[in-house]
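Residue numbers (the UniProt record's numbering), protein chains in the order written: chain A, 1 to 157; chain B, 1 to 157; chain C, 1 to 157; chain D, 1 to 157; chain E, 1 to 157; chain F, 1 to 157.
Read the hints as simulated data drawn from the structure, not as lab findings.
Some hints could be false.
The list treats identical chains as one, so a pair stands whether inside a single copy or across any two.
[Claimed, not checked] No farther apart than 20 Å at their CA atoms in a straight line, the calculated lysine to any residue pairs in the SDA-like style are these:
1) K149 - D17
2) K149 - T104
3) K12 - F90
4) K68 - A80
5) K149 - I131
6) K68 - E31
7) K21 - A130
8) K68 - P78
9) K21 - S150
10) K68 - D87
11) K12 - I131
12) K21 - G151
13) K68 - V16
14) K21 - W153
15) K21 - T5
16) K21 - T152
17) K21 - T104
18) K149 - G134
These numbers were taken from a predicted model, which means no experiment stands behind them.
Here is how the chains run, residue by residue.
There are 6 protein chains.
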Amino acid sequence: MAELTHLDAEGKARMVDIGGKPETRRVAIAEGRIAMSDAALAAIRDCTVLKGDVLAAARIAGIMAAKKTAELIPLCHPLALDSVTIDFDFDDRGLRAVSAATLTGRTGVEMEALTAVSVALLTIYDMVKAIDKGMIIGGIRLIQKRGGKSGTWRAVD
Amino acid sequence: MAELTHLDAEGKARMVDIGGKPETRRVAIAEGRIAMSDAALAAIRDCTVLKGDVLAAARIAGIMAAKKTAELIPLCHPLALDSVTIDFDFDDRGLRAVSAATLTGRTGVEMEALTAVSVALLTIYDMVKAIDKGMIIGGIRLIQKRGGKSGTWRAVD
Amino acid sequence: MAELTHLDAEGKARMVDIGGKPETRRVAIAEGRIAMSDAALAAIRDCTVLKGDVLAAARIAGIMAAKKTAELIPLCHPLALDSVTIDFDFDDRGLRAVSAATLTGRTGVEMEALTAVSVALLTIYDMVKAIDKGMIIGGIRLIQKRGGKSGTWRAVD
Amino acid sequence: MAELTHLDAEGKARMVDIGGKPETRRVAIAEGRIAMSDAALAAIRDCTVLKGDVLAAARIAGIMAAKKTAELIPLCHPLALDSVTIDFDFDDRGLRAVSAATLTGRTGVEMEALTAVSVALLTIYDMVKAIDKGMIIGGIRLIQKRGGKSGTWRAVD
Amino acid sequence: MAELTHLDAEGKARMVDIGGKPETRRVAIAEGRIAMSDAALAAIRDCTVLKGDVLAAARIAGIMAAKKTAELIPLCHPLALDSVTIDFDFDDRGLRAVSAATLTGRTGVEMEALTAVSVALLTIYDMVKAIDKGMIIGGIRLIQKRGGKSGTWRAVD
Amino acid sequence: MAELTHLDAEGKARMVDIGGKPETRRVAIAEGRIAMSDAALAAIRDCTVLKGDVLAAARIAGIMAAKKTAELIPLCHPLALDSVTIDFDFDDRGLRAVSAATLTGRTGVEMEALTAVSVALLTIYDMVKAIDKGMIIGGIRLIQKRGGKSGTWRAVD
Numbered sequence: 001m002a003e004l005t006h007l008d009a010e011g012k013a014r015m016v017d018i019g020g021k022p023e024t025r026r027v028a029i030a031e032g033r034i035a036m037s038d039a040a041l042a043a044i045r046d047c048t049v050l051k052g053d054v055l056a057a058a059r060i061a062g063i064m065a066a067k068k069t070a071e072l073i074p075l076c077h078p079l080a081l082d083s084v085t086i087d088f089d090f091d092d093r094g095l096r097a098v099s100a101a102t103l104t105g106r107t108g109v110e111m112e113a114l115t116a117v118s119v120a121l122l123t124i125y126d127m128v129k130a131i132d133k134g135m136i137i138g139g140i141r142l143i144q145k146r147g148g149k150s151g152t153w154r155a156v157d
Numbered sequence: 001m002a003e004l005t006h007l008d009a010e011g012k013a014r015m016v017d018i019g020g021k022p023e024t025r026r027v028a029i030a031e032g033r034i035a036m037s038d039a040a041l042a043a044i045r046d047c048t049v050l051k052g053d054v055l056a057a058a059r060i061a062g063i064m065a066a067k068k069t070a071e072l073i074p075l076c077h078p079l080a081l082d083s084v085t086i087d088f089d090f091d092d093r094g095l096r097a098v099s100a101a102t103l104t105g106r107t108g109v110e111m112e113a114l115t116a117v118s119v120a121l122l123t124i125y126d127m128v129k130a131i132d133k134g135m136i137i138g139g140i141r142l143i144q145k146r147g148g149k150s151g152t153w154r155a156v157d
Numbered sequence: 001m002a003e004l005t006h007l008d009a010e011g012k013a014r015m016v017d018i019g020g021k022p023e024t025r026r027v028a029i030a031e032g033r034i035a036m037s038d039a040a041l042a043a044i045r046d047c048t049v050l051k052g053d054v055l056a057a058a059r060i061a062g063i064m065a066a067k068k069t070a071e072l073i074p075l076c077h078p079l080a081l082d083s084v085t086i087d088f089d090f091d092d093r094g095l096r097a098v099s100a101a102t103l104t105g106r107t108g109v110e111m112e113a114l115t116a117v118s119v120a121l122l123t124i125y126d127m128v129k130a131i132d133k134g135m136i137i138g139g140i141r142l143i144q145k146r147g148g149k150s151g152t153w154r155a156v157d
Numbered sequence: 001m002a003e004l005t006h007l008d009a010e011g012k013a014r015m016v017d018i019g020g021k022p023e024t025r026r027v028a029i030a031e032g033r034i035a036m037s038d039a040a041l042a043a044i045r046d047c048t049v050l051k052g053d054v055l056a057a058a059r060i061a062g063i064m065a066a067k068k069t070a071e072l073i074p075l076c077h078p079l080a081l082d083s084v085t086i087d088f089d090f091d092d093r094g095l096r097a098v099s100a101a102t103l104t105g106r107t108g109v110e111m112e113a114l115t116a117v118s119v120a121l122l123t124i125y126d127m128v129k130a131i132d133k134g135m136i137i138g139g140i141r142l143i144q145k146r147g148g149k150s151g152t153w154r155a156v157d
Numbered sequence: 001m002a003e004l005t006h007l008d009a010e011g012k013a014r015m016v017d018i019g020g021k022p023e024t025r026r027v028a029i030a031e032g033r034i035a036m037s038d039a040a041l042a043a044i045r046d047c048t049v050l051k052g053d054v055l056a057a058a059r060i061a062g063i064m065a066a067k068k069t070a071e072l073i074p075l076c077h078p079l080a081l082d083s084v085t086i087d088f089d090f091d092d093r094g095l096r097a098v099s100a101a102t103l104t105g106r107t108g109v110e111m112e113a114l115t116a117v118s119v120a121l122l123t124i125y126d127m128v129k130a131i132d133k134g135m136i137i138g139g140i141r142l143i144q145k146r147g148g149k150s151g152t153w154r155a156v157d
Numbered sequence: 001m002a003e004l005t006h007l008d009a010e011g012k013a014r015m016v017d018i019g020g021k022p023e024t025r026r027v028a029i030a031e032g033r034i035a036m037s038d039a040a041l042a043a044i045r046d047c048t049v050l051k052g053d054v055l056a057a058a059r060i061a062g063i064m065a066a067k068k069t070a071e072l073i074p075l076c077h078p079l080a081l082d083s084v085t086i087d088f089d090f091d092d093r094g095l096r097a098v099s100a101a102t103l104t105g106r107t108g109v110e111m112e113a114l115t116a117v118s119v120a121l122l123t124i125y126d127m128v129k130a131i132d133k134g135m136i137i138g139g140i141r142l143i144q145k146r147g148g149k150s151g152t153w154r155a156v157d
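Please take these sequences and the hints and turn them into a complete structure.
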């Protein structure tokens, strides 16, 4: 089980000790999608045109969730994030959310970016579910991470 | 914008008033998946065989997240959940998580079940990411909801 | 000290027991203002016209804060709010926020409405402070409360 | 919209990136007031003389709220505060609260001091509202800030 | 494992379903102690005489912690508590804390009373640790519970 | 009252200013026990053998609680912990929990280790209380602290 850094040699959960690591600039970018019916997609588009709050609420929810990552994911370290951003774009089946999180610190911010994307998409689901309960959230993944000992990583494709 | 119940006539976000609704038994069941490399999947399987904490941690994280739904999703009502459960099964590409949430109350618990699944899968990502950063979380959707005025809803397959 | 219901006979803080009270429909409406320079006010107005997120963020922050009232105010009861809304209007010196909170329950929701207004206005301060650090938040008060044994109360103009 | 640092060029909310800033000593001092009836004011004064918990509870609530600022204000950065203090003094119409927050870090602590004052005053409202529902909270403003690139700022007057 | 209600037949954690239970009045009373050096005890006594905030802070912390029980204890249900109180008395080795929690609801409030006592005593430890790091917290136990199907339970002295 | 660092000269609670202190490596180790009936102890042992989640849940709860220390204990500083671990061992009357917390920072982590132990033991109480309501939590104390100006401290015994 040595490979699973969040478990000790006996398989018990632990918060990995990052105390010896230097503080470096960390960046993580994650993405995800929500697929929905045409009616649901049209409602969000209309709302956006008309200054409705769907994407604004989802963006705020995602940013606030990034700050809560260590409360949600048991073995994540509490981090003083430098920044979080979330962007949305429409495609013909729904919406794509992309989040970037940055930190000057001792551990990566992948979980913060992934959490931001997840909660932003859940918020869209919540606001549109009266029209379409069958929406599907997927494709949540890390696109890129930079900084730290392991250096830059990019998703294949 | 009348269709988007979480926006008022001018497109402003609001928490819908559920005060006039009767308290009824509500159930929601949601699912999601995480796809990973063979090496990552083998590590979780081994850990599970050896009493490691990966799935136990993910289950606890998901249950605790369900209780935080109203803190995460801006327009969700705070709810005194009757129960939350999370189960995992392996398939050949990774893991599937299923969560059921129940309530005796005035609004549905879809968001609680979906949040539980999302955070449980993010926790698995966190614990296994040292082996595989390319894991993808997807297929997060409502399978079934029961109770309330709109009655039973089931996902089309 | 008998008058201060949140203290016992010796002056010690306590959470008042509401267990014997019936569940009734409760409503509270509160308001507050933020005064700012012409430049700051113009920036918000422009942003609003251009679909910027200032008021949307403040509204979401206020609604989420209402749900956190019992975490912030030591002797407040945790409540399963039926609804929260926040509205803003401009006057020539700044902005006015009005919040309405409702509950079917055993105690009033004045603190929830007041907390929503306070945090919404603090959020505006935060978003505009790069232009004007001298903004002043004031006039935070209860306008009306309905329901419960003490019945309806209205602020004297 | 360039002036509103918390919005990007398209008016979307973002958490400003503070990663490039040096860590410096930051101080912010904020104040606020609550005006109340003579009866309410007398009750707090009596309670204070008699070791009642009103001001102690308000002080604790304000300090704890300062630590929650980033949870309440959507675009605030999570900060590891060095200190928070809150003081109260009586005037003939009510009470004045003053809070000082300090940090060794990359961004200012104005919002922490303002949040501490706001929640301390809301706590007083909560504890005294059985006597006087017409209390008004106002004059919440930054008095002084020190540290960081923009240096010292003091409120006029 | 049938005896451990918080585990299912396979030993997996779950939040027990309380949906079928009637709402009844629940009461739980818990206690705990902190033992300390004479110097530490004298400091608290002096402070109490002089209106210092040690016990007031501990009382507030305990009450607020009771409201956070479901956030802390993974399988606890979120509850809308009717009341929480905490009292302290001195003995010659330190302090005893007693907490009572009440609820009109579907499950017991033992954990809320025990959590209130634990956090109140930890707060005393924190405030006095500059004088005595060797303080010991103990004797945390349920004294009495009433209400619900299992009726009244009392600790064997 | 000068000895009680968390109170000012007038006995008012304050968060001590740690801004002038250097960042050093801090370690704190705390322990605690839960005593229970033979039947309860046997149930946990059996569950552990059978891969049940009791100790895994308690460990996760304790780690997550350590991260919440500044939310629970009013005058604790928010800290970006480097690591937290929790271990359990059985003795013939029950279980002993030991937690170690580490930080690179300006203040000690005693409260984090003590909070982790307390919440881990409360979680065990919660999961086993259907079998034995008379369990007693005790012996919660600091075993060792290292780092900072005051250097190393060890519990006598």
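Do the hints match the structure? See the list:
Proximity of K149 to D17 under the C-alpha cut-off of 20 Å is restricted to the intra-copy arrangement: shortest distance 15 Å within a copy versus 22 Å between copies. For a Cα distance limit of 20 Å, the shortest separation of K149 from T104 qualifies both inside one copy, at 13 Å, and across copies, at 19 Å. Taking the shortest Cα distances, K12 and F90 sit within 20 Å of each other only across copies (16 Å), while inside one copy they are farther apart (43 Å). Taking the shortest Cα distances, K68 and A80 sit within 20 Å of each other both inside one copy (11 Å) and across copies (13 Å).
In this homomeric assembly, K149 and I131 come within 20 Å of each other (Cα to Cα) only across copies, at 15 Å, whereas the closest approach inside a single copy is 47 Å. Within a single copy, K68 and E31 get their C-alpha atoms as close as 18 Å, which meets the 20 Å cut-off; across copies the closest is 23 Å, which misses it. When the C-alpha separation of K21 and A130 is checked against a cutoff of 20 Å, the pair qualifies only between copies, where the shortest distance is 16 Å, while the shortest distance within a copy is 48 Å. Taking the shortest alpha-carbon separations for K68 and P78, both the intra-copy value of 9 Å and the inter-copy value of 10 Å come in at or below 20 Å.
Taking identical chains as interchangeable, the C-alpha atoms of K21 and S150 lie at most 20 Å apart only when both belong to the same chain, with a minimum of 12 Å there against 24 Å between chains. Proximity of K68 to D87 under the C-alpha cut-off of 20 Å is restricted to the intra-copy arrangement: shortest distance 19 Å within a copy versus 24 Å between copies. Within a single copy, K12 and I131 get their C-alpha atoms only as close as 44 Å, which misses the 20 Å cut-off; across copies the closest is 17 Å, which meets it. When the C-alpha separation of K21 and G151 is checked against a cutoff of 20 Å, the pair qualifies only within one copy, where the shortest distance is 14 Å, while the shortest distance between copies is 22 Å.
Taking the shortest alpha-carbon separations for K68 and V16, both the intra-copy value of 19 Å and the inter-copy value of 17 Å come in at or below 20 Å. In the homo-oligomer, the alpha carbons of K21 and W153 lie at most 20 Å apart inside one protomer (19 Å), although the nearest pairing across protomers, at 25 Å, exceeds that limit. In the homo-oligomer, the alpha carbons of K21 and T5 lie at most 20 Å apart inside one protomer (15 Å), although the nearest pairing across protomers, at 32 Å, exceeds that limit. In this homomeric assembly, K21 and T152 come within 20 Å of each other (Cα to Cα) only inside a single copy, at 17 Å, whereas the closest approach across copies is 23 Å.
Taking identical chains as interchangeable, the C-alpha atoms of K21 and T104 lie at most 20 Å apart whether they share a chain (12 Å) or sit on different chains (10 Å). In this assembly of identical chains, the alpha carbons of K149 and G134 lie at most 20 Å apart only when taken from different copies (18 Å versus 42 Å within one copy).
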